[in-house]
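Full structure from sequences and hints, please.
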Amino acid sequence: MQNTPSDLGLIARAVGLGKRYGDGANQVVALDDVSIGLRRGEFTAIMGPSGSGKSTLMHLMAGLDTPTTGQVWLGDTDITDLSDSALTVLRRRRIGFVFQSFNLVPTLDVKGNVLLPFELDGRRPTLDEQVWIDELIDTLGLRPRLGHRPHELSGGQQQRVAIARALATRPDLVFADEPTGNLDSRTGREVLGLLAATSARSGQAIAMVTHDPIAASHADRILVLADGRIVRDLGRSTPEQISAYMLQMEAAA
Amino acid sequence: MSRGLRDHLPTLLVAALAAAFGVALLQVTGILAAVIAADDVAGSSGTVAIMLNVTAFVFIAIAVYVAAVTTANTVATVVAGRTRLIALLRLIGSSARSQRAAIAREGLVVGALGAVAGALLGTGVAWGVARVGVAAGVIPEFDYGYLQPVLLVPMVAVVFTTWLAAWAGSRRVLAVRPAQALGNSAESSTEEVARRVGRTATGVTLIVLGVLALAGGVAVGLLYPMGVLIGVVGGILSFTGIVLIADRIMPPVLRAIGRLLGSSPSTRLAAENAVRHPERATRMTIGLVVGVTLVTMFAVTMETYRQAMTEVLSDQEMLEAAIGPVIDGTVAVFSGLVGFSAVIAAVGLVNTLSISVLQRTREIGLLRALGFDRTQVRTMILAEAAALTVAATLTGLVLGTVYGWLGAQSMLGSLTGEPRFVVPVVPWLVIAIVVVAAVAVTLAASVTPARRAVRISPVVALAVD
Ligand SMILES: Nc1ncnc2c1ncn2[C@@H]1O[C@H](COP(=O)(O)OP(=O)(O)OP(=O)(O)O)[C@@H](O)[C@H]1O
Ligand SMILES: [Mg+2]
Chain A
1 MQNTPSDLGL IARAVGLGKR YGDGANQVVA LDDVSIGLRR GEFTAIMGPS GSGKSTLMHL
61 MAGLDTPTTG QVWLGDTDIT DLSDSALTVL RRRRIGFVFQ SFNLVPTLDV KGNVLLPFEL
121 DGRRPTLDEQ VWIDELIDTL GLRPRLGHRP HELSGGQQQR VAIARALATR PDLVFADEPT
181 GNLDSRTGRE VLGLLAATSA RSGQAIAMVT HDPIAASHAD RILVLADGRI VRDLGRSTPE
241 QISAYMLQME AAA
Chain B
1 MSRGLRDHLP TLLVAALAAA FGVALLQVTG ILAAVIAADD VAGSSGTVAI MLNVTAFVFI
61 AIAVYVAAVT TANTVATVVA GRTRLIALLR LIGSSARSQR AAIAREGLVV GALGAVAGAL
121 LGTGVAWGVA RVGVAAGVIP EFDYGYLQPV LLVPMVAVVF TTWLAAWAGS RRVLAVRPAQ
181 ALGNSAESST EEVARRVGRT ATGVTLIVLG VLALAGGVAV GLLYPMGVLI GVVGGILSFT
241 GIVLIADRIM PPVLRAIGRL LGSSPSTRLA AENAVRHPER ATRMTIGLVV GVTLVTMFAV
301 TMETYRQAMT EVLSDQEMLE AAIGPVIDGT VAVFSGLVGF SAVIAAVGLV NTLSISVLQR
361 TREIGLLRAL GFDRTQVRTM ILAEAAALTV AATLTGLVLG TVYGWLGAQS MLGSLTGEPR
421 FVVPVVPWLV IAIVVVAAVA VTLAASVTPA RRAVRISPVV ALAVD
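Which chain is which? The protein sequence lines are A and B, in order. Okay, so the first sequence: first residue is 1 according to the numbering used here, each after it adds one. Okay, so the second sequence: first residue is 1 according to the numbering used here, each after it adds one.
What the hints contain is simulated information worked out from the structure, not anything from laboratory work.
Chain A side only, calculated, beta carbon under 8 Å to chain B, not exhaustive:
1) D65
2) S85
3) R91
4) T107
5) P117
From the three backbone atoms N, C-alpha and C, an ideal C-beta is built for every residue, glycine too.
Put into structure tokens, the structure is as follows:
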């Protein structure tokens with residue numbers, strides 16, 4: 001048998017991934033034969049025009065949706081044919097999420113939201129994890145807000161709570177879909193800086209969808225999608241290089 | 001406007017049920033009066049007819065009241081779900097007033113449709129019952145016209161209260177700010193519990209007066225059976241007071257029940273969901289509370305009465321034979337009549353829960369993404385329904401037992417000629433039926449929303465609308 005993904009230092013891998021919606025004349029090819037590997041501890045930015053398949057790629061790799069073709073591995077687990085409940089447990093334990101909006105459960109306060117992944121797993125944080133959570137809460141400046149409900153927080157604060165929750169269980173991989181899309185650019189960059197710095201310290205891999213060249217410049221690697229395919233796989237780049245590339249791509253289109 | 005129509009289906013159903021109940025009851029009363037008049041020996045048929053009518057109207061009033069509360073709640077829930085749309089229209093320049101008026105107008109139309117449909121249905125049922133009665137030889141052939149002007153009373157009442165309830169339920173339209181169309185995801189401050197000081201003050205005053213009258217009834221009842229009349233006044237006053245301040249009673253009860261559900265993530269979230277809109281939760285449960293209280297009260301009073309009679313009179317068997325069927329029959333008829341209001345309330349509860357689960361699609365999707373499995377989602381919905389029905393049933397059982405005992409005490413305190421205290425007798429059969437009905441309502445209320453909820457894909461949570 002071939003090398004397992006983890007032998008290659010990969011935390012997640014997709015091979016020949018495709019997703020089609022609808023059929024016949026209305027068929028939309030959201031993703032077309034995409035093969036990538038995400039490395040342990042690496043911060044990957046996913047960029048590309050609207051409708052290019054970024055969210056779709058992320059949903060498939062996180063086990064939120066099932067592909068039409070291809071396969072996805074998380075660690076050494078082939079998740080393509082996992083049952084719904086097995087996938088649920090996998091998400092609970094090994095993946096963190098930060099969405100663009102509506103990240104938090106409205107009826108729980110900040111502390112309840114951050115601890116939710118542990119509760120779902122039917123356990124309390126270990127001593128070691130508790131130290132990590134306290135550190136996260138302090139780094140993200142949430143200490144004075146622990147007893148507040150989401151509607152009492154600003155958008156930036158809500159996103160920081162989501163980051164704390166996503167990192168709390170130290171999952172192998174954190175998916176973030178335009179996590180700063182609803183924030184003003186300064187708050188957005190602040191939040192991203194925190195996300196990048198915190199994950200760098202704890203060795204978690206991050207895959208983040210963004211349209212912002214400055215946000216993408218925090219990343220170790222930049223994948224660019226167009227029409228459901230990966231058209232570019234860049235290393236760390238400056239915001240200027242990224243904007244120049246995106247402009248050039250738009251002009252070509 | 002197809003969405004608007006679908007939003008109003010629950011209200012139409014409730015209005016039709018209330019109107020059908022009122023019309024059927026009046027038709028049956030009318031038929032009975034006609035039968036009695038045809039067979040009038042004592043010349044008292046006029047009085048009997050009036051008494052029957054008065055009794056019928058009491059039950060109709062209860063049903064219409066419960067229907068109105070239910071409708072106000074449904075409308076409030078629908079409005080909460082349309083907040084973004086309303087805000088968007090406000091942003092474009094539509095006034096809050098005109099939007100509210102539109103909702104009230106929809107209420108008027110739905111009320112009228114419901115009243116007509118209900119009247120037809122109710123008349124049909126009464127006709128059917130009478131035909132069966134005649135065929136079985138229970139009642140003689142009678143002469144009765146089904147087109148009675150008095151039928152307009154419940155119909156108009158239903159139209160009017162539906163309109164009023166839509167108006168009251170749409171109050172929140174005025175509170176929608178245009179900016180909410182732009183706001184992001186997190187649910188904005190939950191329906192604030194309006195501090196309606198005036199209403200609370202009235203409620204408390206009524207309760208105090210009612211309790212005094214109830215105490216007076218018990219005291220007088222130790223000497224004269226007429227004490228029960230004072231007690232009835234006290235009961236009506238205090239119970240009205242309780243309904244008025246229900247928004248202060250039900251949320252704490254719901255919280256307490258919620259804690260009993262357990263501490264797993266699904267039941268804890270369910271407990272929170274049950275009280276997240278305290279006003280809505282109150283209105284969702286109050287109809288059931290009214291129904292269960294009345295049924296329990298009546299059953300407790302009658303059962304205590306039976307017990308007291310058995311103690312006082314020596315010839316047990318003859319007595320049982322004489323009053324047993326009367327008591328059983330009265331309890332059955334009364335429970336059936338009040339029970340219908342409880343059915344209306346239950347329909348409202350089912351609807352409100354379904355709508356609110358639909359409105360929580362993104363939240364449920366989020367929970368699924370974070371690792372809630374399908375069973376946990378289903379448990380969550382079931383537990384929420386259970387919290388609501390258990391809270392309503394328990395409150396009703398407690399209130400009903402207390403009122404029932406007070407009634408029996410005032411009525412029977414002087415039975416032996418010297419003052420004495422009566423021990424309340426709890427009719428376990430009736431309680432068991434109420435509990436079984438509550439379980440059925442819980443299951444019915446949760447089955448559709450739960451099925452919908454487990455189908456929600458986690459991708460929904462990520463989609464930006
Ligand atoms: N549920 C769906 N049904 C039909 N088509 C869909 C569905 N979800 C996505 N698509 C289509 O798939 C394509 C890729 O969508 P996707 O959401 O992945 O794009 P994206 O790159 O995330 O865009 P954006 O930057 O606007 O978020 C689009 O053409 C979209 O219309
Ligand atoms: Mg997207």
